[in-house]
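Protein chains: 2
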Amino acid sequence: MLIIPIIILSPVRHMAKKILIIGSGAAGMTAASSARKFDKGHDITVITEDEDIAYSPCAVPWVLEGKNSWDGIVMHKPDYYSKEKNIDVIVRTKVDSVDADAKTATAGGKTYSYDSLVIATGGRVFVPPIKGKDLKGVYTVRTVRDGRNIEACMKETDDVVIAGAGVIGLEMAVALKNTGKNVTVIEMMNQVIPRIADSDIAAEVQKHLEKMGINIVLNAPVEEVLGEKSVEGVKADGKTYSCGMVIFATGVRANLDIPNQLNLDIGQLGAVVVSPTLQPYRRGRLVNDIYLAGDLIQCRSAAVPGPTMSQLGSSAVRQGLIAGRNAAGDRSMLGPTASPWISVIDELQVAGTGMSKGLASWYGISVVEGKAEGLTRARYSPGGKRLIVKIIAEKSSHKIIGAQIFSGEDANGRINWLTSAILSGTTAEEFLFMTENAYCPPTSMVTDVVLSAAEDLVRNLSG
Amino acid sequence: MLIIPIIILSPVRHMAKKILIIGSGAAGMTAASSARKFDKGHDITVITEDEDIAYSPCAVPWVLEGKNSWDGIVMHKPDYYSKEKNIDVIVRTKVDSVDADAKTATAGGKTYSYDSLVIATGGRVFVPPIKGKDLKGVYTVRTVRDGRNIEACMKETDDVVIAGAGVIGLEMAVALKNTGKNVTVIEMMNQVIPRIADSDIAAEVQKHLEKMGINIVLNAPVEEVLGEKSVEGVKADGKTYSCGMVIFATGVRANLDIPNQLNLDIGQLGAVVVSPTLQPYRRGRLVNDIYLAGDLIQCRSAAVPGPTMSQLGSSAVRQGLIAGRNAAGDRSMLGPTASPWISVIDELQVAGTGMSKGLASWYGISVVEGKAEGLTRARYSPGGKRLIVKIIAEKSSHKIIGAQIFSGEDANGRINWLTSAILSGTTAEEFLFMTENAYCPPTSMVTDVVLSAAEDLVRNLSG
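Going down the list, the protein sequences come from chains A and B.
Everything in the first sequence is counted per the numbering used here, starting at 3 for the first residue and increasing by one.
Everything in the second sequence is counted per the numbering used here, starting at 3 for the first residue and increasing by one.
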């Protein structure tokens, strides 16, 4: 296993710096806290367009379903940061421009100078440029404000179309269905959770959603939002679906406003190219004193030779940690990333890490998969849930490059376990031959399904 | 990461062999099935003293609590093996002697010849040689028969003493408490779960048990079982505890009857020394055609340079797999072992892997620990349970050699995740710097508590 240091824990202290952070999502706020942890003397300011900071956008569906409150998911208010961490947070303020030579940013008519700048302006939901996309009743899911708008609209309509069957779309579909709405999910690809989940895992999820009464329409790009002033329906693949609300969950694209203004190099995934220190490039040359973290960068994949985007809350935190430290004077480096994800869809847990078969084929990589189905507990132990594990290896090297889990419980630790295997470059054989699993009848089968999948994988690789 | 092959999956076939397996626990029955999988032609016979085979002894407390039935925990009857797998199982039959030169075993007045012998006779609960230990009402927990005897006795008394506060003792205590018994657990060491759990984790477990109304007595070796014909009480550390049943859960010792009769070398842990192929030694010399698996062997530790015993169901299966294949003609090797364990104690999950601090000190190893406390879900997500993770590293090499988890849910995947780190020789820094975790509000915190513990560990190692 290679040592790829992310965090160097015995820092050399520098003179007090002015650190300016643009954006208050997981990446921006973590960068601010991390810079403060690294150095008590620095001046740290966060400027954000948002009104709410330090909340988890992943939690929006849970609030709409009534399992959380808006106040509950906002961890801290701006004055917490000023009082407890000596960090200034300026909300509802857009940064209009950055001057990298003068090292200043202009926002709300004021000019802020900086020694180090962190750009953590995240991404924006991509809404296809179709007719009707700006009608009243069309929403995206990104901020607490988005969530509150959807909540208000829920009082006016019972029929909702969700465009996009990714995890956010499906979590929204379940949340709204559970509040009694009629929900139709319309997806342009031929499966739910396209790209990151394989079709067999996706089919299991779809079956459950349909059993809940959610209408799933595949192979149907949304062509138009119908209505005069407000939404009356959606046209997709030539058919009309009437509804009073449309939620676009059609993927997030990097917010390149500031990077473009600074002429930073943009990579093949449409995101900012960064060094392992999270610094950007301009015409191939490293730019000093600027760091990026979160949904707007592309970084190095641990699963394949090439770049990847990791638009996840946990990745934003991991990157924010490094960007903050480096802005404060450190030189920590981000390791390669497998981007493990997990989604709770009604009673189901679906999780993945590294390459899906679809992603692998996009990278031109031949893979072999192993798969096993069992239970989360011993067969005779009450309450056991169905558990499907698949593991994907690169065909020639036998290295594990991906895994997916479909389960009723306990998927989280298992997907992290498999993520470790990817991050350390483990082959299928090494994983199978080295691994032991803990056992107790109410917590797993005597041979964990993860190991049964690894056994199947090794068999398939040798066959 | 080294390749340590346990299973070689493209075997070369040999001539039909007579394989004799002594013992029908997890190790013996797995060895039988594994030998059959390896070769369809071999003659495979299992001889066992037990009446029930292919059950999980770990499940006995769950049946007593009413969560399973005796029939439910027995996976297969002997005729399943003869019909489905062409394996003969001879129950209620004790092997009196083995002649390694003639390659025969004598049992129930008959002589069985073999080409390969698997000894999987497991362990026996160690009951201290004290007065009253054979009184009516004194039990151990090992077989379904033991369980049925305890169940019968439960109808006759409401007061139970459990001697030994290891995981079996505590699981029994909870099971009996939940059926309305008055339960006292008496332990000679100064904490519950001695040896494999550290005192801080043990204290958390003890607090919960006491809240349930279970009486815990520490630092008190059981000195005598009181009573005329049947149990009336227990004397420990000079005090008397009246009860109608005593259950000894005082640890398992290797059953050395056959190994001693064969003059096999016994190691410093009081168990049979075996090669990685699971063959025994006689005066330092490898013995051919005999293989051992399960609670009676000592094997190589993954956490420390030295031997370890792994008296776990999952280890028995792992070893049985190899013993069976090798008896059938293979030459697979057992990798080093970290012995991950998990126990469900009422609503708690307690798990560990590799060295505890106590075990490490027994091996003469200096350690540093890292610890973090958080929740199993995002702070605002309903139903999150308290989660404590500690990770133990060897002081000079920084290698992770142990971990423990105290949690309300999802400990299993996390302890396997940490076990992988031990098995692949990962340092604390490598683990922290490489690792990513999946995140969704209902399944973990945005930075998993495992990573927070690793961060604390790295800080303590550098401090």
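Simulated from the structure, these hints should not be mistaken for laboratory data.
Here the structure is a predicted model, which is why all the values come from computation and not from measurement.
Virtual Cβ for every residue (Gly too), placed ideally from N, Cα, C.
Don't take each hint at face value.
Far from chain A, some chain B residues (derived; all Cβ distances over 12 Å) [unchecked claim]:
id : residue
1  : I132
2  : V219
3  : N221
4  : Y441
Label-pair restraints from in silico Cβ distances [to be verified]:
id : chain 1 : residue 1 : chain 2 : residue 2 : range
5  : A       : S399      : B       : G269      : 34 to 42 Å
6  : A       : S399      : B       : K39       : 49 to 57 Å
7  : A       : E349      : B       : S115      : 52 to 60 Å
8  : A       : E375      : B       : S84       : 24 to 32 Å
In the EDC-like style, the derived pairs of lysine to aspartate or glutamate whose C-alpha atoms are separated by at most 20 Å in a straight line are [to be verified]:
id : chain 1 : residue 1 : chain 2 : residue 2
9  : A       : K39       : B       : E349
10 : A       : K20       : A       : D54
11 : B       : K39       : A       : E349
12 : B       : K387      : A       : E457
13 : A       : K387      : B       : E230
Here is what the structure says about each hint:
1. I132: holds, 30 Å
2. V219: holds, 25 Å
3. N221: Nearest chain A Cβ is 28 Å from B:N221, so the label holds.
4. Y441: Check fails; 4 Å does not lie beyond 12 Å.
5. A:S399 x B:G269: 34 to 42 Å: Cβ of A:S399 to Cβ of B:G269: about 39 Å, so the range 34 to 42 Å holds.
6. A:S399 x B:K39: 49 to 57 Å: violated, 27 Å
7. A:E349 x B:S115: 52 to 60 Å: Holds, at about 55 Å.
8. A:E375 x B:S84: 24 to 32 Å: Hint holds: Cβ distance 27 Å, inside 24 to 32 Å.
9. A:K39 x B:E349: Given that 20 Å is the threshold and the Cα spacing comes to 37 Å, the pair is violated.
10. A:K20 x A:D54: violated, 24 Å
11. B:K39 x A:E349: It is violated: about 37 Å lies between the C-alpha atoms, which goes past 20 Å.
12. B:K387 x A:E457: Violated. B:K387 to A:E457 sits at ~33 Å, over the 20 Å cutoff.
13. A:K387 x B:E230: Distance ~49 Å between A:K387 and B:E230 Cα, so the pair is violated.
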